[in-house]
Amino acid sequence: MTATSALAKLVLATSAALSLAASGGDGVPAWPPERAVIAHRGASALRPEHTLAAYQKAIDDGADLIEPDLVITKDGVLVARHENAIAILNADGTVREATTNVMERPEFADRKTTKVIDGKSITGWFTEDFTLAELKTLRARERIPAARPANTAYNDQFEVPTLQEVIDLVKAQSAARGRTIGIEPETKHPTYFQSIGLPLEPPLLATLEKNGWNHKAAPVIVQSFEVGNLKAIHQRSNVRLAQLVGNGRPYDFVAQGASNTRSYADLVTPAGLKEIATYAYAVAPHKELIIPLVRDARRVATGLGQPTSLVRDAHAAGLKVQAWTFRPENRFLPASLKGQPDSDATARGDSVAEIQAYLQTGVDGVFTDDAAVGRRAVDGLQP
Numbered sequence: 001m002t003a004t005s006a007l008a009k010l011v012l013a014t015s016a017a018l019s020l021a022a023s024g025g026d027g028v029p030a031w032p033p034e035r036a037v038i039a040h041r042g043a044s045a046l047r048p049e050h051t052l053a054a055y056q057k058a059i060d061d062g063a064d065l066i067e068p069d070l071v072i073t074k075d076g077v078l079v080a081r082h083e084n085a086i087a088i089l090n091a092d093g094t095v096r097e098a099t100t101n102v103m104e105r106p107e108f109a110d111r112k113t114t115k116v117i118d119g120k121s122i123t124g125w126f127t128e129d130f131t132l133a134e135l136k137t138l139r140a141r142e143r144i145p146a147a148r149p150a151n152t153a154y155n156d157q158f159e160v161p162t163l164q165e166v167i168d169l170v171k172a173q174s175a176a177r178g179r180t181i182g183i184e185p186e187t188k189h190p191t192y193f194q195s196i197g198l199p200l201e202p203p204l205l206a207t208l209e210k211n212g213w214n215h216k217a218a219p220v221i222v223q224s225f226e227v228g229n230l231k232a233i234h235q236r237s238n239v240r241l242a243q244l245v246g247n248g249r250p251y252d253f254v255a256q257g258a259s260n261t262r263s264y265a266d267l268v269t270p271a272g273l274k275e276i277a278t279y280a281y282a283v284a285p286h287k288e289l290i291i292p293l294v295r296d297a298r299r300v301a302t303g304l305g306q307p308t309s310l311v312r313d314a315h316a317a318g319l320k321v322q323a324w325t326f327r328p329e330n331r332f333l334p335a336s337l338k339g340q341p342d343s344d345a346t347a348r349g350d351s352v353a354e355i356q357a358y359l360q361t362g363v364d365g366v367f368t369d370d371a372a373v374g375r376r377a378v379d380g381l382q383p
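No gaps in the numbering here: position 188 of the sequence shown is 188 in my numbering, and each next residue is one more.
Any given hint could turn out to be false.
Now the in silico label distances, taken between C-beta atoms and shown as ranges [claimed, not checked]: (1) K74 with D156: 20 to 28 Å; (2) P202 with A172: 21 to 29 Å; (3) A147 with K274: 36 to 44 Å.
These are calculated hints, taken from the structure and not from any lab test.
Glycine included, each C-beta is placed from N, C-alpha and C at the ideal position.
Let's have the full structure, built from the sequences with the hints guiding it.
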């Protein structure tokens, strides 16, 4: 390589880096893009969730961010799993849910135990009872095979990835594609992990720091269904945060007993949203809090109703809004959007139309199990 060609490559690389870091008015990059496509657990409609293959497929299909749920190992390493329970049994000993092949590993039979997680008794195997080396000997499996039977073809092919491996993938793909791909990690059961001496937040911030991503300009949004841990992160870092909102109550509020009786409903009032804005960049509500479903007398979802004021109220408080979760199969869609035959729960319906209805309310991002569908919805929406 000549000195001239080396210099040219350096100039191109520097130009690309500057392009990726194009800044807004306050020095924060113009990221994520408007109407961001967030790959919910990767391309989980097409590959077993929370595997590097699922994340790669989502990136291939146009995701702006990928979402790893974070739990922790016995030796303090953050890994991507939907739950810390990597296999769950029913009371009669049958399998309720399994995201790994741990039950078929006789050397780990004695790790089966019963724990109370966020007030619920669960029998199974848990990441915090395995070292990373042990967990790496397991293989991932499709979590909901009845809904996604095609994904079972990929069972036992992929490892459980660490957060660092997810970041390595995203950085490599961003460089290769010349566009910023971000991560939106969710801290799972933070109160529980704090109670057993394995808090998630210190290793999360340490990993972000190690990768040069522990700041508000990084392509990172940390999310949680709890409130206290997000506020604690906000005190230690200016990395962007998203307050997840579902039904019921944040578990850290529950754990505080009578001293805190607030619910998620309180968080999405105008006053509650203003409070969220003091520590978070975004609010991420369940989609039915934005557009409720219309239901018939049998409580069957027949279509989409009228939007609430949530998006408008959140924007007035200075928050971005990210809606979850959009899944393409009939099982997850109202009757008006189901595909044919509508009796087939695994058949695909019109998730593009569903996502576009939410985008038209002004949401700033959508969590989808199929990034290609999300990409078509965003790109095909008329201005």
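For each hint, the structure was consulted:
1. For K74 and D156, the Cβ-Cβ distance of about 23 Å falls inside the hinted range of 20 to 28 Å, so the restraint holds.
2. Checked against the given bound of 21 to 29 Å, the beta carbons of P202 and A172, roughly 26 Å apart, stay inside it.
3. A147 and K274 have their C-beta atoms about 38 Å apart, which keeps the hinted 36 to 44 Å range intact.
When the structure is compared with the earlier hints, no violation turns up for any of them.
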